[in-house]
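Line by line, the protein sequences give chains A and B. For what it's worth, this note's numbering labels the leading residue of the first sequence as 903, then goes sequentially. For what it's worth, this note's numbering labels the leading residue of the second sequence as 903, then goes sequentially.
Calculated directly from the structure, the hints in this document are not laboratory data. One should not assume that every hint holds.
Just so you know, same-sequence chains aren't split out, so a pair can sit in one copy or run between any two.
[What the hints assert, rightly or not] Listed below are the simulated SDA-like cross-link pairs for lysine to any residue, each with C-alpha atoms no more than 25 Å apart in a straight line:
1. K1060 - E1517
2. K1300 - A1487
3. K1476 - A1487
4. K916 - V1028
Protein chains: 2
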Amino acid sequence: MSKDPLVIFTPSGKRGHFPVGTPVLTAARQLGVDLDSVCGGRGICSKCQITPSYGAFPKHGVTVREGALSDWNAVEQRYDDKRGLKPGRRLGCQAQVQGDIVIDVPPESQVHRQVVRKAASARAIVMDPATRLYFVEVEEPDMHSPTGDLERLERALKTQWEIPEIRADLSLLAKLQPTLRKGNWRVTVALHRDHTGAAPRVTEIWPGLHEGGLYGLAIDLGSTTIAAHLTDLDTGAVVASSGLMNPQIRFGEDLMSRVSYAMMNPGGDAEMTTAVRAALNELTREIAREAGIDATLIVETVFVCNPVMHHLLLGLDPVELGQAPFALATSDSLTLPARDLDLDAMNPRAQVYVLPCIAGHVGADAAAVALSEEPGKSDDLVLIVDVGTNAELLLGDKRRVLACSSPTGPAFEGAQISSGQRAAPGAIERVQIDPVTKEPRFQVIGCELWSDEQGFDAATAATGITGICGSGIIEAVAELRVAGLLDPSGLIGSAEQTGTPRCVPEGRTHAYLLHDASAEGGPRITVTQGDIRAIQLAKSALYAGARLLMDEMGVDKVDRVVLAGAFGAHISTKHAMVLGMIPDAPLAKVTSAGNAAGTGARIALCNIAARAEIERVVREITKVETAIEPRFQEHFVAANAIPHATDPFPELSRVVTLPQVSFNTGGGDGAGGGRRRRRRG
Amino acid sequence: MSKDPLVIFTPSGKRGHFPVGTPVLTAARQLGVDLDSVCGGRGICSKCQITPSYGAFPKHGVTVREGALSDWNAVEQRYDDKRGLKPGRRLGCQAQVQGDIVIDVPPESQVHRQVVRKAASARAIVMDPATRLYFVEVEEPDMHSPTGDLERLERALKTQWEIPEIRADLSLLAKLQPTLRKGNWRVTVALHRDHTGAAPRVTEIWPGLHEGGLYGLAIDLGSTTIAAHLTDLDTGAVVASSGLMNPQIRFGEDLMSRVSYAMMNPGGDAEMTTAVRAALNELTREIAREAGIDATLIVETVFVCNPVMHHLLLGLDPVELGQAPFALATSDSLTLPARDLDLDAMNPRAQVYVLPCIAGHVGADAAAVALSEEPGKSDDLVLIVDVGTNAELLLGDKRRVLACSSPTGPAFEGAQISSGQRAAPGAIERVQIDPVTKEPRFQVIGCELWSDEQGFDAATAATGITGICGSGIIEAVAELRVAGLLDPSGLIGSAEQTGTPRCVPEGRTHAYLLHDASAEGGPRITVTQGDIRAIQLAKSALYAGARLLMDEMGVDKVDRVVLAGAFGAHISTKHAMVLGMIPDAPLAKVTSAGNAAGTGARIALCNIAARAEIERVVREITKVETAIEPRFQEHFVAANAIPHATDPFPELSRVVTLPQVSFNTGGGDGAGGGRRRRRRG
């Protein structure tokens, strides 16, 4: 047996014998222990901090004595003076093995540290971004061995970091020579690895050790809003989040209107491309300002988006996406320079990764949801619904995953609703209707109080009550149904039929008066018959898509439902089920995943292996086309009714038995002869 | 033994048995016979033309009977009607094997056809350009199998051409969809292979079969002139050549003045980069216009240039090249998009290849000379001299090749000469001085007559006699020496000393009057003492460089000398040797290679394997640095004299014994007491 000291690393448990005098970092590397280092053991980056443990470790069968590591040295002292080391910490590159030792690698010293995601259900992200920093000492040029500076940098990376080959753009080459000389031949480079295995590309170079960090943007480019998360590529922390409206809205609210705009207006696609790229530059500058970082430290950006946004971002005419067979110009993922997208607010050599599209109507956003929610790893059958202007649906489990998209339109986002508005302060987002009195109460965004609680008027004085947003209209429709003010076909009853003056005539139909501030010059917010129809169309499309996937899968129920998207985070799952938006499932099995597409983007930003993974997963997902499937129409028509809510909803405690109402809406006085049952109890 | 018919291809001699009905193209492919096809055997590109031979072939042991190939078919008839087939020709994809057959593949049907270079000594170029055309039929999109158009194009290339993977820029993606539809899913793509083995890149796409050809530019980017050869990438033919002055001349005549300009003027390097790129765009447009082709058919460009031009082309500050250790930003070859160099006159996705540099003073132009002249494959020891504003020298044989550069300055190009001018009509390019009468005769560019021949005045009336160019001044100096008007130290004798009134006083020295039209208001062209000194400095630098290489190689003579460059093509080798520009060698062993750097560029353009070859060769060339080598100075000083020409020049028939002259040039009356021997006989 070796007489060399035994070195045991925790938490990995990796162990080995090393000669006296071996630096801890060297031992860690030889054992494959995940211990970080940017400076390559030169005692300047402090990434390799470790904590030695002393005493008896019966579990490991060793006793660690004082002196098992070399003494605290001048390099450590200098670092401690300058930056401070936590008590008990040593620098792994300085501390040398002198005897048996147990060494803990704290999480922040691990290269592949885990970042816990917010959503409780989700796995942690293992940090392994495409772009990493490397500190190197480059040989000085020699007239007698006249290789170029780039070639000597390459050689330094090869000998010091075992990176066999690099690539560099002209713009990097242009700053290479002054930077090497400014850094006195010691520089830090940011290398971007392409997950296809091509030689890494030098994104940036700094003189000496770069300590300013590296950042990436995860961008969820939606039809309506663009959301960006600025992520520290070292820690994985989201250091700032920002969003803005997609300026393409002025060319069309929904995707198909934008495709039409491109078809009808020569150069219209280029106009929309220019608009969204300008917005992305604005967003980049804003988020960097917010986080207080230099925007050129943003070296990577990951995009998720639907196919039409995908094409318009890339400068591709989306016209083929407007007609069957909805052929994408390209469905595979893309890795390309940010400057090819005119993204000039970030590092000039930043790299962009665009997730693959699943099909002409199921985009990189759905792929990102699949990456985040992993239906293909689920033991039970999960339906994932990402509601936007188009809804993307994924249904599957370990055996098989299906995907489709469904044209819900923008009603769920508050558009095409008479008093609709986007989710913003002042918008009604929660609604309750008393089944007895038929009186409403509601909450508006920006105020915790219900409208019938004391102080509500004062609390909402600043924002006012401006309209009703997507989640509000869904709750309102469901509550109207539960309160017996709406029949299964979706008709609003008259005041006579329902017994409440809030059911007011509107043309040949009726509307429900939710809020009336018209006397004070404020808005009069109603839910009209047209609103009900818009919601019915949207929810039928969503439901029909889900049913189509279930047919294809050969099932008539799902084990659980995940609601994704900003909308999914705000919607009341019980109201969604009352409305029949989603197939029946135990309410406890209906969860919200938050912005799963954005999370998928963040995973692809923080972990390069996730890119290969989602590319593989997307190839295995079976696409189901809704647009040409006759059963979609059948399901759509059948889903038009607002069903009877039944017992799976004990939480709807106010509802003992659901009302069975049906109104006959003649053109005349409204006193129709329709069957009408009033709520019992 | 197989009873299938025997198919023998000539000139390759490849043979094999194939079932009756096998298309000749298929047989050729299976045997690895070099038979071209762009359309993949669809009978539309006509690239696979072959000539069947009939009768007895005792050498091959077969007799070919009528009917050994299937009958002339409708596809061939259609092609013949439309374009015409040479008599006896068949289309290899249509003609099917029916019996034993001998098939000749004519040169123009070979993929890797050879292009014979002009220079007699040189090998042929084997055509294998980086960019090639492929005709494919792409699967139409299917809603149920929703891959993108790019992915289906990739699949078509894989199944139809065995190309496993492709890459495409966004700008190509943007035209992919309309082109596929316009071509009804049949398209021709130009694929650019990177010789490093990366996936080929789609440079261009055309609907249907593209028959407009593909072109490349081989560009020799000199300090003074930019020369371009437009080359047909199919045949290798140079279809147009054009050149223009390097506009950077206004920033400095020679390389070091341009480096100084960059050092002294912030942004000066960018100014020079902009200027040269604009000139390249102009040159591209001009050469395309001259050849009558669409400039977007230019899909490749190869550059050779010296290190300073290299950096200024690439947008790199050349400041490091102005001082030891003359560190290049990068010495390796570069493959990059033309748009990165703002070369927007050619195809927007054209690719650029820049040959590697050998060292900070020995550039890609020297590498190109090495590629063209192949010193490393020479059995005898060859000295290759490429004379420009800087001279590049290569010395070597199979065992070892050395390189250096020598700062000759622009005197050899007619600059810094009192009556000097660039080689252009009207410039004196040939000079003879009668050793007896001391009278000159000369030829000017643009006229075949000597100045003392009848009709000379009339023939040169249009251009006039405007000055003296590089080759003219070299001949003049050598002739002055041979005529005894110049002593070995380079002093011009007085009229008294030389006995000719053409030796006129000029300040404290003398000048030789070559041509005097001042009476008619024309120029008075003299060779002054200053001119002699400038030529002495230039030739000493050149000679010292060669000697330094010889020292390094441990030899005191070379077997042969190759003069490269435009200058090398015009210079009289015997005069160069009288002058002592180059080491002694038998006159028959001193040859001109023409523009070897340009030829090297053309080789790299036409043959992708040549790129890997020159990269390997450059790594093996030993660089000798002149700037810091004390022996260079010693050789330089020693080479200042103009030596006694001796017997190796019997061609100089007028000279029986060379004069040994030496003048004493006092400030006074010129009647010095110097030793003076007059020519005998």
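Structure-based check of each hint:
1. K1060 - E1517: Only across copies: K1060 and E1517 sit 20 Å apart there, 30 Å inside one copy, limit 25 Å.
2. K1300 - A1487: Intra 19 Å, inter 81 Å, cutoff 25 Å: intra-copy only.
3. K1476 - A1487: So K1476 and A1487 pass the 25 Å test inside one copy only (10 Å; across, 99 Å).
4. K916 - V1028: Result: close within a single copy only, 19 Å intra versus 57 Å inter.
Of the numbered hints given earlier, the model fails none.
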